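Chain order of the listed sequences is A and B. All residue numbers for the first sequence refer to this note's numbering, where the first residue is 1 and numbers rise by one. All residue numbers for the second sequence refer to this note's numbering, where the first residue is 1001 and numbers rise by one.
Bear in mind the hints are in silico, worked out from the structure with no lab data behind them. Here the structure is a predicted model, which means the values were calculated and not measured. Worth double-checking, as some hints may not be accurate.
Said to hold, decoys possible - The calculated DSS-like cross-link candidates involving lysine-lysine, where the alpha carbons are at most 25 Å apart (straight line), are:
#: 1; chain 1: B; residue 1: K1128; chain 2: A; residue 2: K43
#: 2; chain 1: B; residue 1: K1003; chain 2: A; residue 2: K196
#: 3; chain 1: B; residue 1: K1003; chain 2: A; residue 2: K43
To be verified - Far from chain A, by Cβ distances over 10 Å, these chain B residues were calculated:
#: 4; residue: K1003
#: 5; residue: L1251
#: 6; residue: Q1385
#: 7; residue: T1445
Claimed, not checked - Among chain A residues calculated to face chain B with C-beta under 7 Å, some are:
#: 8; residue: M308
#: 9; residue: G315
#: 10; residue: Y325
#: 11; residue: L349
#: 12; residue: A350
#: 13; residue: V367
#: 14; residue: A370
By construction, the Cβ of each residue, glycine as well, lies at the ideal position given by its N, Cα and C atoms.
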Amino acid sequence: MSASNTSTISSVGAPSRRNTELALLVFAVLIPVFAYANVGLAKDGSLPAGLLAYGLGLGLLAGIAHLIVRKFAPYADPLMLPIATLLNGMGLVFIWRLDLEPSLGKAMAPTQLMWSTLGVALFVAVLVVLKDHRILQRYTYISMVVALVLLIMPVFFPGINGAKIWVTIPGVGSLQPGEFAKIIITVFFAGYLMVKRDALALASRRFMGLYLPRGRDLGPILVLWVLSLLILVFETDLGTSLLFFGLFVIMLYVATERTSWIVFGLVLSAAGAVFVSTFEHHVKDRVDNWLNPLALVNGGVTETAQTMYAFGSGGMFGSGLGQGYSRLIGGIAPKSDYILATVGEELGLAGLMGVLLLYGLLIERGVRTALAARDPFGKLLAIGLSGAFALQVFVVAGGVTGLIPLTGMTMPFLAQGGSSVIANWALVAILLRISDTARRPAPSPAPSTDAEPTQVVRTQ
Amino acid sequence: MNKPLRRVAVFCGLLVLALLIRVNYVQFVTGDELANDKHNRRVSINQFAQPRGDIVVGDKSLTGSVETPGSDFKYKATFKDGPMWAPVTGYASQAYQTSFLEGVYDKFLTGNDDRLFFNRTIDMLTGKEKQGGKVITTLNAKAQLAAFTGLGNKKGAVAALDPRTGAILALASTPSYDPSSIAGTSKKTDEKNWLALQKANNPDDPMLNRALRQVYPPGSTFKVVTAAAALENGLYTDVDAETRSPLPYKLPQSSRNLENEGDLPCKNASLRVALKVSCNTVFGRIGQDLGKDKMREEAEKFGFNKEILTPVRADASVYSKNMDEPSNVLSAIGQYNTAATPLQMAMVAAAIANDGKLMQPYMVDKLQAPNLNVIEQTKPETYSQPVSAANAQKLQQMMETVVKEGTGTNAQIDGVTVGGKTGTAQNGVGNSKNPYAWFISYAKTADGSPVAVAVVVEDSDASRGDISGGGLAAPIAKKVMEAVLNK
Chain A
1 MSASNTSTIS
11 SVGAPSRRNT
21 ELALLVFAVL
31 IPVFAYANVG
41 LAKDGSLPAG
51 LLAYGLGLGL
61 LAGIAHLIVR
71 KFAPYADPLM
81 LPIATLLNGM
91 GLVFIWRLDL
101 EPSLGKAMAP
111 TQLMWSTLGV
121 ALFVAVLVVL
131 KDHRILQRYT
141 YISMVVALVL
151 LIMPVFFPGI
161 NGAKIWVTIP
171 GVGSLQPGEF
181 AKIIITVFFA
191 GYLMVKRDAL
201 ALASRRFMGL
211 YLPRGRDLGP
221 ILVLWVLSLL
231 ILVFETDLGT
241 SLLFFGLFVI
251 MLYVATERTS
261 WIVFGLVLSA
271 AGAVFVSTFE
281 HHVKDRVDNW
291 LNPLALVNGG
301 VTETAQTMYA
311 FGSGGMFGSG
321 LGQGYSRLIG
331 GIAPKSDYIL
341 ATVGEELGLA
351 GLMGVLLLYG
361 LLIERGVRTA
371 LAARDPFGKL
381 LAIGLSGAFA
391 LQVFVVAGGV
401 TGLIPLTGMT
411 MPFLAQGGSS
421 VIANWALVAI
431 LLRISDTARR
441 PAPSPAPSTD
451 AEPTQVVRTQ
Chain B
1001 MNKPLRRVAV
1011 FCGLLVLALL
1021 IRVNYVQFVT
1031 GDELANDKHN
1041 RRVSINQFAQ
1051 PRGDIVVGDK
1061 SLTGSVETPG
1071 SDFKYKATFK
1081 DGPMWAPVTG
1091 YASQAYQTSF
1101 LEGVYDKFLT
1111 GNDDRLFFNR
1121 TIDMLTGKEK
1131 QGGKVITTLN
1141 AKAQLAAFTG
1151 LGNKKGAVAA
1161 LDPRTGAILA
1171 LASTPSYDPS
1181 SIAGTSKKTD
1191 EKNWLALQKA
1201 NNPDDPMLNR
1211 ALRQVYPPGS
1221 TFKVVTAAAA
1231 LENGLYTDVD
1241 AETRSPLPYK
1251 LPQSSRNLEN
1261 EGDLPCKNAS
1271 LRVALKVSCN
1281 TVFGRIGQDL
1291 GKDKMREEAE
1301 KFGFNKEILT
1311 PVRADASVYS
1321 KNMDEPSNVL
1331 SAIGQYNTAA
1341 TPLQMAMVAA
1351 AIANDGKLMQ
1361 PYMVDKLQAP
1371 NLNVIEQTKP
1381 ETYSQPVSAA
1391 NAQKLQQMME
1401 TVVKEGTGTN
1411 AQIDGVTVGG
1421 KTGTAQNGVG
1431 NSKNPYAWFI
1441 SYAKTADGSP
1451 VAVAVVVEDS
1461 DASRGDISGG
1471 GLAAPIAKKV
1481 MEAVLNK
């Protein structure tokens, strides 16, 4: 944009904010590097050997991501990449810090770093390949099939720790297809609802002050409800079913602007949850655990109680990185599901609130992207992705802190888990792509002599 | 579409707000509670994260700390002469918390006490390990040794005080246990040892601190209190004058007689003679004449019916409030519900030896910070004045007569004035179990009385007839007094 235009068209001059992003990224890399050094000093009294490599590695990833954004999505939101980098970096520090506890098994930070690299690679690929998010609209029904396959796959694989949410590939490891399905199903919803929203919104009967949808329009939501119940029953995964159902209700509401969908959604999900929890003992155990977090089970302290002790012992300011005892939680999940307990114990209430606010900020930037998007598909996609992210953060953090029953999901970016980190980098990339489209200035008008301050009037 | 979007934005904000409120509730509102929950292992980890401060007698440490590699707990407590000092130190166990001085001063010994804040801060700034403070006790190592070896294999307890200050000089209880055995070597052996020490598995109950936490019927030793009540209430003023004491003496509201132990010259006997030969009838009659309230008031001035903090808690001794007349008569000779800890009876002897002024018993002289600064110094305090100085001297004469020519001759020490009183308390229904042998005494020198002691021996292999305070308990009291007097 040439500066001479500012006096005529104001919307054209929206700054790209890439330099803001770069400045924030510097902090997003430096903070985890200092945290890394802090852990080493606290545990061994010396700077950790891998400090330089870690710092350079994280800086390199952030730098590449930034350059790609600068090139391929210059008007994208400037906050999302730094926040994702900071959370991912801190997650690596926490996982490495827990790797230092011999009782917690083999080191997982190196593989997590590899997964993070793959995540950033996918982030780059999405930004480079996906020139416009509306292309995704073409794949509405293919997305549906892919998402359903991904969701159903874990049924055929053995469950791990009571939840069948894994697909084990020999020699590679295990994947959580649910994390990817989250994004793909959002694409399907966005495409489907964009087409059907008028039918869903307008053809309705009024009953007791609510607009009730017609039976035939109720079909899809009931199918989804049944599907999420099936996930719950066959994969015993409370979190994922809650996530998908909540996601669909949010998107329906946004698409149709009908409050009745929310009422409907809440009634159905409450009924489903109560119904399943009465006979599914795995879910019932979780609920019992939630109601009595400190109760002893078979004379032993439960993981839930250990988590609460970790939070309580952290207090206001925490024990300091590397100086807590969250290893007492034991089991296999301190680095994944329970990672927030380590944050709470070592960084205290202050640090934990900071982390939650980072998530809150990332979510609100996503919602803002939805508001700014100009096309309905983009709006639905952006709100779906941010809504799914928000629900996931709420379900995991709420579960770990005892606000709601615990479910087997991981904290995006922070927790150990390859599928989660890769999928969430892709999620951020799509949001950035939508926000780039939304904030991109309208194509500049063809150089017109009208804009010149002095001119010769031609009358041809 | 923007209106529902804004509402979803608010909804997402509310989700995050709910999380923020929840973590504030967990970490701020219930934080302390969770941090100090008894199942939170961090409590014990912090307790043993640094070498524990010592508990000191004289210039010798009773406790220490050694590193325990390969454990959550960095250090464990060690105990020198554990069984002898267990009633004083208590235990500090990685698995079973703490007791007695180790328990009362846990925070000070671990260095977590608020009063050590500056030490902690300076240690932190200079990069030193956190250090615990020292607890300097008032105990006398020689007296403790005399008490512990005197009790030997017998079941019983000794409490000795400095009557002038209230400082506790000896506190022994047998059978005892070694706190090292449960301090934390391996979880398995500790658990085995701990279970073996529990009363349910060990009828001897070695972890019971009999000097502070067990009340025994004091038997005839309580007659000193009854005599004090008689003098204080003006029932009698001259210890050598005849009392109004019939023999045989029929219990009030009863057809039963109160018997003496044998054919004693108790009819209208003077207080001095009555105490010397330990007349039940004379002191029973005093109880009847004074009534239960005056008796209880006097007993309470000596410390009965109240827990005593030394600062380790001693159980309250008992003189019943509500009872009928014959029960009060029996209570006045240390039977029925009357019950006292050895510490309580040592306090009775100490009050009389200190001319009627009872000093608050205490066992901690001072608390010392790691940098040797004295953080807290105990100053002797008066607990009460159960008898006037004049009456106290009369009681001293009576008790000295007991040792000189009465039932307590076993406690005589050459060249030292000793006053005492024996007791043989009934135990079990119809005195079916072995009686308790009691002896309380004090020694007097030119500058007041430096020691008062109470000894109780619970049972014995000796035949029932041989059990008497004079035979079993007095020699132990004598050894303890000699140890304090440096004889």
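Evaluated hints:
1. K1128/B with K43/A: 15 Å, holds
2. K1003/B with K196/A: 19 Å, holds
3. K1003/B with K43/A: Not satisfied, since the Cα-Cα distance of roughly 51 Å exceeds 25 Å.
4. K1003: 6 Å, violated
5. L1251: Holds, since 54 Å exceeds 10 Å.
6. Q1385: 49 Å, holds
7. T1445: 56 Å, holds
8. M308: Constraint on M308/A satisfied, holds at 6 Å.
9. G315: Check passed: Cβ of G315/A comes within 5 Å of chain B, closer than 7 Å.
10. Y325: 5 Å, holds
11. L349: 4 Å, holds
12. A350: 9 Å, violated
13. V367: Holds. Min distance 4 Å.
14. A370: For A370/A, the interface hint holds, since the closest Cβ of chain B sits about 5 Å away, which is under 7 Å.
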